[in-house]
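Protein sequence lines correspond, in order, to chains G and S.
Numbering of the first sequence is given in my numbering, commencing with residue 1 and proceeding in unit increments.
Numbering of the second sequence is given in my numbering, commencing with residue 1 and proceeding in unit increments.
Please keep in mind that the hints were generated in silico from the structure rather than gathered at the bench.
Beta carbons are placed, not taken as given, at the ideal position from N, Cα and C, and that holds for glycine.
Be aware that a few hints might be false.
Unchecked claim - Now the stretches of chain S that chain G is said to cover, found in silico as 3 or more residues with beta-carbon under 8 angstroms: (1) 28-34; (2) 38-46; (3) 97-111.
Stated by the list, open to error - Anything over 12 angstroms on all C-beta distances counts as not near chain S; from chain G, calculated: (4) ILE6; (5) GLN30; (6) ARG31; (7) ILE64; (8) SER154; (9) ARG176; (10) LYS180.
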Amino acid sequence: MYAAAIIVFREVLEAALVVSIVLAASRGIQRRGAAIVVGAIVGLCGAALVAFFAEAIAASVEGIGQELFNAAVLSIAVFMLAWHNIWMAKHARRMVSGLQAIGSRVQSGEQPLYVLGILVAVALLREGSEVVLFLYGVAASGSNAATLLTGGLSGLAVGILFGAAIYFGLLRIPTRHLFKATGWMILLLAAGMASQAVRYLMQAGVLPDQMPLWNSSSILPPDSVIGQFMHAFAGYEATPAPLQLAVYVATLGLIALGMRTIGRQSAESSARFKH
Amino acid sequence: MALSPKKILMGLLPGLVLGSFLAHAELVEFEIVIREHRFEPSVVEIPAGQKIKLLIHNLDATAEEFESYELRREKIIAGGSTATIYIGPLRAGEYPFFGEFHADTAQGRLIAR
Chain G
1 MYAAAIIVFR EVLEAALVVS IVLAASRGIQ RRGAAIVVGA IVGLCGAALV
51 AFFAEAIAAS VEGIGQELFN AAVLSIAVFM LAWHNIWMAK HARRMVSGLQ
101 AIGSRVQSGE QPLYVLGILV AVALLREGSE VVLFLYGVAA SGSNAATLLT
151 GGLSGLAVGI LFGAAIYFGL LRIPTRHLFK ATGWMILLLA AGMASQAVRY
201 LMQAGVLPDQ MPLWNSSSIL PPDSVIGQFM HAFAGYEATP APLQLAVYVA
251 TLGLIALGMR TIGRQSAESS ARFKH
Chain S
1 MALSPKKILM GLLPGLVLGS FLAHAELVEF EIVIREHRFE PSVVEIPAGQ
51 KIKLLIHNLD ATAEEFESYE LRREKIIAGG STATIYIGPL RAGEYPFFGE
101 FHADTAQGRL IAR
């Protein structure tokens with residue numbers, strides 16, 4: 001039962017982190033509730049579909065369909081996170097420049113809401129399908145299915161509670177600092193996902209596999225609680241390939257550059273407006 | 001909008017996929033069976049310094065997730081299906097793997113020599 005709870009919790013952890021950080025980062029955006037609910041429904045239905053067609057997906061493209069699918073879903077998430085952060089960089093500047101009142105009125109729904117919806121959907125889609133497959137397997141296995149299912153569902157509940165704790169924890173941060181904090185978190189999430197996408201492409205044989213740069217599994221074991229958390233949060237790997245690290249750094253750098261450029265532009269235009 | 005390497009990568013993907021199929025044509029294949037949530041054989045010897053193709057046949061009715069931190073591999077294998085995983089080139093050594101959905105029984109390792 002504990003094993004089942006831990007497996008499901010591990011799968012839910014990443015989705016819970018992404019969703020809670022994105023929710024905190026989009027605080028005050030008007031009509032975001034609908035986008036998030038639609039995203040969640042699409043994501044969960046998608047997860048069930050992916051689980052149902054798992055065999056077909058895996059068998060497609062000469063047996064590397066699952067890796068390509070995962071890499072594609074992760075790439076979409078990276079783009080949406082980048083987009084969100086760059087958009088927020090523009091807004092944070094305006095808030096500081098005092099042109100608009102700080103508060104919920106600032107985020108007047110200019111942010112394309114589908115970015116939020118897609119982010120929630122892709123987060124639930126990938127991890128959700130694994131939970132569905134696991135719980136389905138447990139339910140089908142007969143014997144002690146009820147105990148295992150209880151374990152699995154409690155893992156799910158703990159994962160959701162964990163996400164809720166992060167969300168409400170972040171909301172305690174004052175608005176201006178909140179967006180700075182969530183901006184950094186989203187940068188790390190995006191870089192970690194980009195590095196994971198590279199790993200899937202290596203597994204598929206699309207990119208050449210490489211000898212790892214280092215092995216830090218004795219310092220921070222990847223199967224430990226902190227290791228798992230750091231993997232979900234910042235893409236930690238004990239034995240990263242050079243290309244993974246390169247893509248990680250490039251993703252961090254490009255999004256940060258985008259945020260800085262857009263942020264400066266909006267600061268200049270608002271300064272001109274003022275005088 | 002940041003033009004991340006991912007975007008460039010996705011553009012290159014079709015060519016890379018095609019190229020990789022050609023490159024995979026002569027890879028040595030190894031096979032493992034999953035039966036009653038155990039790997040058979042649970043120890044597989046592969047050549048070090050060489051890319052190989054690992055076929056995993058899941059004979060159970062339910063899905064398994066093949067996972068290895070050391071190999072950096074993670075793949076769902078639906079019940080009654082076969083998964084293809086490319087591995088290596090690896091340094092000589094031992095690389096444990098496990099079935100995440102049944103980790104109490106599904107344990108194994110690759111030995112690269």
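> Any of the earlier hints contradicted here, and which numbers?
Replying inline: 1, 2, 4 and 7
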